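The chain contents come next:
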Amino acid sequence: MKTSPAGAGGQPLATGPQKSTGTRRKAITVKRPVETWSLELYVAGLTPGARLALANLKAVCKEHLAGRYQIEVVDLVKHPQLARGEQILALPTLVRRLPQPLRQVVGDLSDTQRVLVGLNLAPNALRS
Amino acid sequence: MISRMPNKKPAKVSRTFNLPKAATGIQGLDAVTGGGLPKGRPTLICGGAGTGKTLMAMEFLVRGATEYGEPGVFVSFEERPVDLVANVASLGFHLSKLQDQKKLAVDYVHLERSEIEETGEYNLEGLFIRLVSAIDSVKAKRIAFDSLESLYAGLQNHAVVRAELRRLFGWLKDRGISAVITAERGEGALTRYALEEYVADCVILLDHRVADEVSTRYLRVIKYRGTSHGTNEFPFLIGESGLSVLPITSVALDFAASRQRISSGIPHLDEMLGGKGYYRGSSVLIAGNPGTGKTSFAASFADSICRSGQRCLYVAFEESPAQLTRNMGSIGIDLKHWNDKGLLKFYAVRPTARGLEEHLLTIWDLIVRWRPEAVVLDPITNLISIGALQSVTRMLMRLIVYIKSRGLTGVCTALLHDAADPQLSFTGIASAMDTRLMLMNQQANGEHNRLFYIMKSRGAAHSNQIREFKLTDRGVQILDVYNCPGQVLTGSARIAQEAVERDEKAGRHKVLEKQRRELVERENVIQEQIRVLGDLIEAGAGELERSIPGGKSHPAAPMRRKKTRMKPRIVAAHVNGANAPSPEEP
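Protein sequence lines, in the order shown, are assigned to chains A and B. If you want the working numbering, it's the position in the first sequence, counting the first as 1, plus 245. If you want the working numbering, it's the position in the second sequence, counting the first as 1, plus 3.
Don't take every hint at face value.
Capping the alpha-carbon separation at 30 Å, the derived lysine-lysine pairs in BS3-like fashion look like this [claimed, not checked]:
(1) B:Lys517 / B:Lys473
(2) B:Lys348 / B:Lys473
(3) B:Lys473 / B:Lys279
(4) A:Lys307 / A:Lys323
(5) B:Lys176 / A:Lys323
(6) B:Lys142 / A:Lys323
(7) B:Lys105 / B:Lys142
(8) A:Lys323 / B:Lys24
(9) B:Lys24 / B:Lys100
Simulated restraints on C-beta separations [claimed, not checked]:
(10) A:Gly312 / B:Glu118: 20 to 30 Å
(11) B:Glu190 / A:Pro346: 27 to 37 Å
(12) A:Leu347 / B:Ser394: 48 to 58 Å
(13) A:Glu280 / B:Glu190: 22 to 32 Å
(14) B:Ala166 / A:Ala304: 20 to 30 Å
(15) A:Lys303 / B:Glu190: 15 to 25 Å
Keep in mind the hints are simulated off the structure, nothing from the lab. Note that the coordinates shown come from a computational prediction; the quantities given were computed from them, not determined experimentally. Beta carbons: idealized from backbone N, C-alpha and C, even for Gly.
Here chain A stands alone, though its shape is the one from the complex (with noise of 0.2 Å):
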């Protein structure tokens, strides 16, 4: 996904050599502190559960990732063959495509806590 902005790629360019220095590189991770999340969200047509799983998540996401944060409604019914390649078995599943490495939640997100374990974030959240 292209989330890097013009001028990301073109700064190696210009300072190629200097990179190996650490000053320069914590520079730059400290210039993006904001990773954009990328979640799926897979389900099979807007049923009563898919409706509540996307509600659910749109509340975590607002609540953990406010600004940082993009999510894509795959319907399997129009896509079958993502079902196959994503590896997707329990309706609705969730899956954080970024940052890596890939995670899957599988239900109606009800419990928000275990979301939150899920995906990684309870940690992070307890820090900030």
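Guided by the hints, dock chain B onto chain A, whose structure is given.
Same frame as chain A, now just chain B:
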């Protein structure tokens, strides 16, 4: 969409008879199940690790796709497609080819509990969508799940899994798809998660056990709704071309009896068996002590089968094909030639190399696939070394009955030891045999001679004589009967007797010759006398003419002379007719 399908209970079987079946194509399994697995219904295959569940499920699909025009979907929860393709390639199944031909679809479902967090309600709609897409891609009629238990292991909410599986199988039934589910055997239950309680119309249990250090696989049909089935354990084999189940008890005693005869390969023996040889489709036991020539008899038969252009399977438990070929070559039987021509196939393996069931299954498998006309088992007694006498006898009986049921002629050799009672050790098998030849050695006059007799031959007139035979460079030669009052002469006694008779014959000839010569001699003498007498008559007549001056000659004289000259010719002709050297004309 599946989710909108009514959640149906298993449909009631309205037709109790002729439940439709999906033939598995697995050797023997269709015989055990009366035609195959329930068509359009789920079948559970359970068993411990390494019992062949995956292979059986896969063969069901592959045979369906290749032989019965029913494409299939293999849903693998355990093995990755790459591994699966490699594993079944050893059975001669080319999955990639079938996939390219749209006859088979493989879907690998990856499920790892540690990677999944569960929160709240869910269903398995995603799995169903995948199945629908896979089923539609090949228009599948068959599906295999290997194994569904991974769902239980991968998901925490077993209530959901159970409900969804019920829905899945209801849906598969509605679509008329024959399903096979594999499951690991559980403690105190057939399967760990009691799948058998709600998903299967038919349950097959696979097992393997080690007895006497030899492992054998067994299959048992535990349950089969709406059909009768064999409840016994059947040994099965994972061979080079798939599974083979030996449907031993399904072999009924209802085979046809052929009236055709088949040569034993030994002309004199054919004569002794009513002039025609063995019955086609009968079983023959050639029993004897070591070195009595059992293998030579068997090889003669094999040679004769091949000579008639038919195929013969030679099962050698004692000698390697090379050794057999060499040894039989020494008595003028060229087995290599037939082997090269593809008419003779050897199955040579040490009895101890495999379990009893496996041996018999392999032979059985060869019979089914290679379709020989005759089978030679040489010697069956060697199998005793790998099992209890009782089980060997039972298995051999099954094999022999099976060979007969296919209308094949089976020739077995059996080694009898002097010490053991031959009647005892082969009671069961010997009585199952239609023809039984007993071979023996006779030691007398410092010699060792080969004898045999036909102990029995069902349904055919047969000689009751004990005959001597020799192993010559032209095969087994049965010698003419030589029985003096009370005994059969063999070896040099026979030769001596033959010489005596030859002498007698020569003597008789001499006497005849002498008699004929005497007859000729006597005839010559008489001829001479006749001639002298004729001369006397002529002389007398001459004198009479001379004593009558100017008188006519006696009219009777020339006529009488003619008569007397005719008789010797008749005698000569008679002697000629008796094949005597023609006497000189006087």
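Each hint, compared with the structure:
1. B:Lys517 / B:Lys473: With Cα atoms ~40 Å apart, lysine 517 (chain B) and lysine 473 (chain B) exceed 30 Å; violated.
2. B:Lys348 / B:Lys473: Holds: lysine 348 (chain B) and lysine 473 (chain B) sit about 27 Å apart, inside 30 Å.
3. B:Lys473 / B:Lys279: Answer holds: lysine 473 (chain B) to lysine 279 (chain B) is near 21 Å, not above 30 Å.
4. A:Lys307 / A:Lys323: Status holds; Cα separation ~28 Å.
5. B:Lys176 / A:Lys323: Within the cut-off at roughly 25 Å; holds.
6. B:Lys142 / A:Lys323: holds (20 Å)
7. B:Lys105 / B:Lys142: Holds: lysine 105 (chain B) and lysine 142 (chain B) sit about 9 Å apart, inside 30 Å.
8. A:Lys323 / B:Lys24: Not satisfied, since the Cα-Cα distance of roughly 36 Å exceeds 30 Å.
9. B:Lys24 / B:Lys100: The hint holds at about 27 Å.
10. A:Gly312 / B:Glu118: 20 to 30 Å: holds (28 Å)
11. B:Glu190 / A:Pro346: 27 to 37 Å: Because 36 Å falls inside the window, the suggested range holds.
12. A:Leu347 / B:Ser394: 48 to 58 Å: Once the Cβ atoms are compared, 56 Å apart, the range 48 to 58 Å for serine 394 (chain B) and leucine 347 (chain A) holds.
13. A:Glu280 / B:Glu190: 22 to 32 Å: violated (48 Å)
14. B:Ala166 / A:Ala304: 20 to 30 Å: Because 28 Å falls inside the window, the suggested range holds.
15. A:Lys303 / B:Glu190: 15 to 25 Å: violated (46 Å)
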